[in-house]
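Residues per chain, in single letters:
Number of protein chains: 2
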Amino acid sequence: MNGAESLVRTLVAGGVDTCFANPGTSEMHFVAALDRVGGMRCVLSLFEGVVSGAADGYGRMADKPAATLLHLGPGLGNALANLHNARKANTPIVNIVGEHATHHRQYDAPLTADVEGVARPMSAWVKTSMDARSVARDGAAAVTAAMTSPGQVATLILPADTAWNLSDGPAPVARPPERAKVPEAAIAEAVAALRSGEPTLVIVGGLALRERPLKTASAIVEATGAHMIAPTSNARVERGAGRVTVNRIFYPIRQALEQVSQYRHVVLIGARNPVAFFAYPDMPSLVMPEGCAVHVLAEPQDDIADALDRLADAVGARPEQAVLQKAGRPDLPRGAITPDTVGSVVAALLPENAIIVDEAINSSGTTYAQTAGCPPHDWLALTGGSIGIGLPLATGAAVACPDRRVVALQADGSGMYTVQALWTHARENLDITTIVFANRAYQSLEIELRNVGALNPGRIALDMLDIGRPDLDWVKLAEGMGVPAARAENLEDLIDLFRSSVGRPGPFLIEVPI
Amino acid sequence: MNGAESLVRTLVAGGVDTCFANPGTSEMHFVAALDRVGGMRCVLSLFEGVVSGAADGYGRMADKPAATLLHLGPGLGNALANLHNARKANTPIVNIVGEHATHHRQYDAPLTADVEGVARPMSAWVKTSMDARSVARDGAAAVTAAMTSPGQVATLILPADTAWNLSDGPAPVARPPERAKVPEAAIAEAVAALRSGEPTLVIVGGLALRERPLKTASAIVEATGAHMIAPTSNARVERGAGRVTVNRIFYPIRQALEQVSQYRHVVLIGARNPVAFFAYPDMPSLVMPEGCAVHVLAEPQDDIADALDRLADAVGARPEQAVLQKAGRPDLPRGAITPDTVGSVVAALLPENAIIVDEAINSSGTTYAQTAGCPPHDWLALTGGSIGIGLPLATGAAVACPDRRVVALQADGSGMYTVQALWTHARENLDITTIVFANRAYQSLEIELRNVGALNPGRIALDMLDIGRPDLDWVKLAEGMGVPAARAENLEDLIDLFRSSVGRPGPFLIEVPI
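Top line first, the protein sequences correspond to chains H and W. Each residue of the first sequence is one higher than the one before, counting from 1 in my numbering. Each residue of the second sequence is one higher than the one before, counting from 1 in my numbering.
FYI, nobody ran anything at the bench for these hints, they're computed from the structure. Honestly, I wouldn't trust all of these hints.
[To be verified] Some chain W residues well away from chain H (every beta-carbon gap over 10 Å; in silico):
1) Phe47
2) Lys181
3) Cys292
4) Asp306
5) Trp474
[Said to hold, decoys possible] One side only, chain W facing chain H, incomplete, derived with CB under 8 Å:
6) Leu46
7) Pro110
8) Asp114
9) Val118
10) Ala160
11) Asp161
12) Trp164
13) Leu166
14) Val275
15) Phe278
16) Pro470
For glycine and all other residues, C-beta sits at the position ideal for the given N, C-alpha and C.
If we strip away everything but chain H, and leave its shape as in the complex, we get (with noise of 0.2 Å):
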């Protein structure tokens, strides 16, 4: 068998039985391999954006890598943004990125670029495979390493001669390594903070965010008095009734410094030292209070279930302590369509199970509230700040768990760096019932305007902040994709449209003007 069928069953033996795609002619050897070996579902997008985004949202339900298949150095860049938030989201992804064989990288053919260059920023793990006999090794250790805590992006460079070479055979996965038991100084550290008697914050991120240790977590905190939160964004939430309710850190700068300001220690668990998402003149980067004591519990990649557990023990914290969320929903709104109405019909009829994908930015403050009481649910957010996630996002969650409904809350200007997901949506029939949040404008830039001192902008500068002028039709750019969409003109209709959609399968996009 040829290296790209050896690397292919080496996937497939290692678990990675799912490929985003987006391939050029230098990956058509693998390509050709997958309907040899079988057991992989290959998903194709039209950018690789997408393809990037949807391994991430895969990845965060799947709880394991899947592949993505790429186009020498320009497609990789194409990826990179996404890959961005994948890497701030922790989440394992294998990038397999085809490129000129070995021979001819030294003669600067139109496509050549410096392929590794490209994928070192957003890579934790990148080799180029030598030769056909090492390509089912290379990629079994990119498995590793994106299996490795906490989740990696490993980027595998296959020259077309390392694909169409003989190779021998496929190669076995290393178990990567097990995450690490923080030490007992980790816990005592964490201890006396807690019992300190000084008004403390636990801050929860990562795993530390899944339903079981999260209730380990409440729990700790009503034993000691102390008080929860989560970072502003976080790559999976379960929540919903039943769960714990966490709120999160603000995203403005100044609501973040007073909601913290009272803290004397800060006990990090799978969460980093909040920082501000922009510096700004005159505003500190750490968002908590000078003099706040900082203790590390855990770090995203240890062992944060276990580490919670031996907390619990050590400050006496039962289970039946941790506060679970009750189960409520709000009534159906009336009036005019908001942001806040649009959260509450969400809310309102959000069915079990449901994952919400939330890149609605400016429109989606007060969702996270109203939802809390839904059925459990995850609640997948921008980890790294590149915007365009959302309706890859929402492709790779769905991929993941094709037997439930996805619901994204997707602003415009954000949606369209993507745009092109809602074809794969179509084409896979995805259960992805996607909400534009249609305001028509970089509403985040018209605040940081402000934020920067510019009082008084000119013309050309607010130019720049406004995506209208034409207006977006959301309902023809997804029909354009095979997406069946309508525009809400008001609430009954946002009503009818999303108790419809959520309850047939396949995609559907509701245009919101906000």
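Once you have looked at the hints, place chain W on chain H.
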């Protein structure tokens, strides 16, 4: 004045008066400065691949750099694929990339990434400004770097505090070094080859494909009995009636090898020794036959016009020996819509001084020949093999040349990568007629899958090449972004639609099922 304003003033005074932008928070001071300074046309796009591709189209037509305005590492990442094409086209571009404030970068905020690392693979010049007093000087150096022959991508990274702190005002832009005169030995070597009596091919690229140098080259080959050809893909060819028509090396490697198999000498003038686009098992990487002597008259960065003049003198070529293209167009075609008949329509109706942007890939093969006798026009092609440049390239060409009609020949698969460009066509009311060849497949890959020996591909492989299911509706996509559009169901439709579009201002898109 702050650093941002000192930079904008430096750019404008240095002749950089057009900025393609997709800004974010960290670029708000730059945006705010635009209103205070004046003289900079700012064109917003909804995706960074449109920004960089438009800057490429602008630079190719204006022969000077546009600026881009991009948001941190991920924003630059989205621009990379078309910066790759620009690099291969030797297009001057000045990228301005926002970055976190210098004191904020240490904290690994969500958007933190290795911006210089992202920039380097596609940039000839990269610098991060250290403080507000350096920004103007760094900006001036970036313009000089971009203008340095043969034209380069220069990337200036601008930490937010260098934009908001106090500067020393603008800095003067130094002239780039003159293009080097080629040594006498290079002239003599070319003369010897041309007079060798052996079959000799002259390959003209880069600036040799402009009207006047191409006439000189034509006179030289006529005077010496050599043949002349251009590379497969060229940044810009000035052609049409009264100019010199030059054929191109075939893209398919077998045809290319046959095309040049007879030659014993090749003289390179602004072109590189031709290389196969991809490697194939048992195929050579270099196109010229073994034993063919390679003579470099002028590298792309040399003074090509001067080298041609001196070579013409040395071989006694007289200007009137140049073979000029006779005026002539095909008749309007009848019958079925095929790539050939579409090309005939374009050739029959192309307005004088048009700019043809060719990303039709498999559908434009004969259009190049059919338009040879059209009124003078420019032909811009995909130089780096990274598909998704056509619609952005048309954007930039139309901004650079507001009095000329741009005709974009666009394959459907390629067009989807940067489909967001249509919105900028609409917002700026650009005179662009786009013809989308809707074959509903990655047709190149169907050919390449056979080329790599996968003779009987299965369903999974074929699915990766088929972009139907669902079919894209380009009329809805265009209308969704504010571009009027129609589908040509037959040749008569196409003739009517194309004729009316090129006769009135503003953009129009015609979907042509192929």
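Hint-by-hint comparison with the structure:
1. Phe47: Contrary to the label, W:Phe47 does not stay out of reach of chain H, its closest Cβ about 5 Å off (not over 10 Å).
2. Lys181: W:Lys181 is indeed farther than 10 Å from all Cβ atoms of chain H, at 25 Å.
3. Cys292: holds (15 Å)
4. Asp306: Consistent with the label, W:Asp306 stays out of reach of chain H, its closest Cβ about 25 Å off (over 10 Å).
5. Trp474: Non-interface label fails for W:Trp474: nearest chain H Cβ at 7 Å, not farther than 10 Å.
6. Leu46: At 4 Å from the nearest chain H Cβ, W:Leu46 passes the 8 Å test, so the hint holds.
7. Pro110: holds (4 Å)
8. Asp114: holds (4 Å)
9. Val118: With a minimum Cβ separation of about 5 Å from chain H (threshold 8 Å), the hint on W:Val118 holds.
10. Ala160: holds (6 Å)
11. Asp161: At 7 Å from the nearest chain H Cβ, W:Asp161 passes the 8 Å test, so the hint holds.
12. Trp164: Since chain H brings a Cβ to about 6 Å from W:Trp164, closer than 8 Å, the hint holds.
13. Leu166: Because about 12 Å separates W:Leu166 from the closest Cβ in chain H, which is outside the 8 Å limit, the hint is violated.
14. Val275: Status holds, d = 4 Å.
15. Phe278: holds (5 Å)
16. Pro470: holds (3 Å)
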